[in-house]
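Here the structure of chain A is known, so what remains is to put chains B and C in place on it, guided by the hints.
Heads up: the sequence lines are chains A, B and C, in that order. If you count by the numbering used here, then the first sequence holds residues 646 to 908, one letter each, in order. If you count by the numbering used here, then the second sequence holds residues 2 to 356, one letter each, in order. If you count by the numbering used here, then the third sequence holds residues 55 to 400, one letter each, in order.
Hints listed in this document are in silico derivations from the structure and should not be mistaken for laboratory results. Only true hints are included.
Short derived list, chain C residues pointing at chain B, Cβ under 7 Å:
(1) Ala85
(2) Gln86
(3) Gln124
(4) Leu301
(5) Leu315
(6) Ile321
Where is the CB? At the ideal position from N, CA and C, for every residue including glycine.
Residue strings, one per chain:
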Amino acid sequence: MYNPVKPLPHKIVNVKKETDLEYTFRVETKTKVKFGQFLQLSIPKIGEAPISVSDQGIGWLEFTIRNVGKVTNEIFEKKEGDTIFLRGPYGNSWPIEKFKDKNLVIIAGGTGVSPVRGMINYLSKNKDYVKSLHLICGFKNKECVLFKEDLKVWANTFNTTFTLDNEESKGFKKGFVTAFIKDIPFNTFGEDYEVVVVGPPMMMKFSGLELEKCGVDINKIWMSFERKMSCAIGKCGHCRIDEYYVCLDGPIFEYRIAKDLID
Amino acid sequence: MNHDINIKECRINCFRESKVPGEFMLQMRVPGGMIDSKYLDLIQKISKTYGDGNFHFGTRQTFDICRIKYEDIDKVNKCIEDYIKEVEEGLCDVDMDLVAHEKVGRKVNTGYPTIGARNISACIGNYHCICGNINTFELARKIEPIIFPSHYHIKINISGCPNDCNKAHLCDFGIIGVSKLVYHKERCIGCGLCAKICESHATRVLSLNKETGKIDKDECCCVGCSECARHCPTSAWTRSEQKFYRVILGGRTGRQTPRTGKMFLNWASEETLLQVLGNWQKFSSWVMDYKPEYLHGGHLIDRAGYKKFKEIMLDGVHLNPECIVAEDIYFNEIEYRSNFNVKPLSKHKKAGPGA
Amino acid sequence: MSYKLTLKEAQKLLDKLSLTYDIYAPKKLKAQGRYSDTDIIKYEKIKNIDEIEYREKSTYPMKEVISPIQQTIFYFTEDKYRESKVSTKPILVFSRACDINAIKVQTKIFIGNGGFVDYYYQRMYERIKFILMECDFESDTCFCVSMNANITNNYSLAVRFEDDGIHFEVKDKDFTNYFKGYPHSSFAPKFVMENKTKVHIPEIKDRNMLNKIKKSPMWKEYDKRCISCGACTIACSTCTCFLTRDLIYGDNSEVGERRRLSSSCQIDDFALVAGGGNYRTTAGDRMRYKVLHKFHDYKERFKDSHMCVGCGRCIERCPEYISITATVEKLNKEIERIEKEEASNV
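The following block holds chain A by itself, in its conformation from the complex:
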């Protein structure tokens, strides 16, 4: 009998420190993942946690993990060559076929950059896939900036706005991402656009409201949810919101639906 929650061992091929709290682990695997999906990682002492794929290539996936408290410390002691256990992928994905030949807007905050990083990297290698990409990435402060090298590439490839909540720095504007939404030239897009929003709940909520204020069609906005999960296969009940299960019906929701979901 097939056991969908059985984790399998995988080799860590690279560990990269992004910030003091966030590390990116590159794991050897043949698993194919669609942009926006997540896997369940077995983290020593904690058990399992849903982690979104922060990038992928041939034969590998990357996961960016935030050290949120003492219990997760053990995973940060993992080195190249060590084993990590995975199962998945789970959940739906960014509707990238819908984004084709359109003006794409991506608004990401903090660790919310992870679930879109793979897709942005794909787009930067396949520049003709979308008509244009407007990218707003926000971080709390300079120490929290993730994927610094990618940001440089993206800045050279797309229309980018990088922000820090409370400080100014080279290449970064000061303020919340929501403050820069109005600068996106939606009026030039016509009907030809899609918007992706991902980040902490409050950031997504206010970005949604700001987008609506800018006259953005709510049917063209997509959001990725993060909820507690124990199984990722619709059994444990933790990620359920109303009749939806974030693990099965998400993590990506149309804003049209997401805006009415009250936990």
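Just chains B and C now, with coordinates in the frame of chain A:
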């Protein structure tokens, strides 16, 4: 008014003299404070006929009827004869003719033969209370024939749980119902509610082990209140079926040296408890050299010293295996006058033969 | 075909069945109740007929046989997760109609939801057959009739307990041989057709109404009344929520076991995410989440029954005297109020 009344005899007969000359207050025993409400009719009858119509709840859960004329005491004693029979002999299996194990030839309609051992008071216990661990009044009814009738004074308070609403810590012999809690680990979901409750309601002996997701317990400091069992959503904590008792010794109020009692026994079984209490007469007689006087139990313990007390009280007792006993007890008295106990040797009280 | 067996014969039958089946039944555990000198009744493996507590409703639901409160799902070493093993012996469970109907809900989630079949549920579920117990007690916490959960035909045997013996109806051919030679009886199990307590099932017509209800002040009452202990959901015959927890053996975090434990949406860390965010911070929020799941969300997803069989165990287990039936009636009133308000705003 000109009275010639032996008030000491009246007192022993459970009639206390009033500030009003010639008037007395009857104190009727209610072992464990629980009684059929039909007896309220009797209380009313006595109060309306011989008293002033009022009645007072005695501080030791007796029915107190005051303003009874000395001349009416015999009539009142006649009134309460059935009550004494039904409650003391019927409910508690007391032999009213035995005072300190000696036949006294008690005649009918003469009331209580002694006031020595005071009414055993109790909280409502597990008969009603969500916290109670034991049936308090049933225990009181089992203790009653052991300590009563006797001229030796002892105050026993029973509390159904360590919340001690009935102040077991403030009497000679305080009994608290405790539970040995059983942890059914396989039913524990690690919600940590018991640990939270133990911290806020009890002695903080439980903690949620973050690594195992189970509860760690500091067994030695558990007071056996069962708050964990009461709150656990899965019945992972349950009470042991066997009942256990903690005995708090030597607490008292009073003008001279009030103090809270200290733990004498913990996790005593009912059998152990009753056996220990069975030695109280022997201990009291020894301390006072078989001459009972109006002196409370706690003072007897002081005179004999705890070690002597322990020796006599545990004599012949088969302690249940869980039961632990205080090796020594250091009371902490409130001395209204400093160095109250320092006085000429000749004024020191004596215990034992020749006392 | 039905039979009547004396208690002695019934014991013999049980002995014989035990050779092939693990037999579970509600069993009374003395003095293990929440309060002193009170008992609980929960499902346990039994060997003797007199262990079966048939006179009263069990404190804990039958679902524990299939989804125990705790089960080890994997043993792991540094390079492998191995599934825990369980017996393959078939299981017979003495069960009431509400509990059997609750298994439909459990199965919808564990085997149906999202197209994933839960390995651990499945391996128990496929071993189970039911022995239906008649309900001949009156309990004002039961409202199975309102929830359409009073009747079932999902059983192999049905029983009626009498002082001098037990009637059996044999519905499943697998059991015919066990009854050869016993006297026939006209017994056919009776189902409860009316409860003292009736519940009007709320109709939440659309998402607009749903969200208005969610924002309603009616849930605030529970901020003060509910202590978020989760006893209601543990006692619930339909609730399925669980969490997993790894247990490390000794100091080596690479060796240990992964357990599945029941969890409860009523406990305050149910919706707590790793970063510290909590999506339902008050007892009222959590009560609302549970009640609407039972009486709206589940049905909305599965287009099936509601997620409540009216067993009433949540009512009996709540230490704060919160009644689900009273809560649902309050919900009905609130829906009515909102509808009136909407009508007057048009």
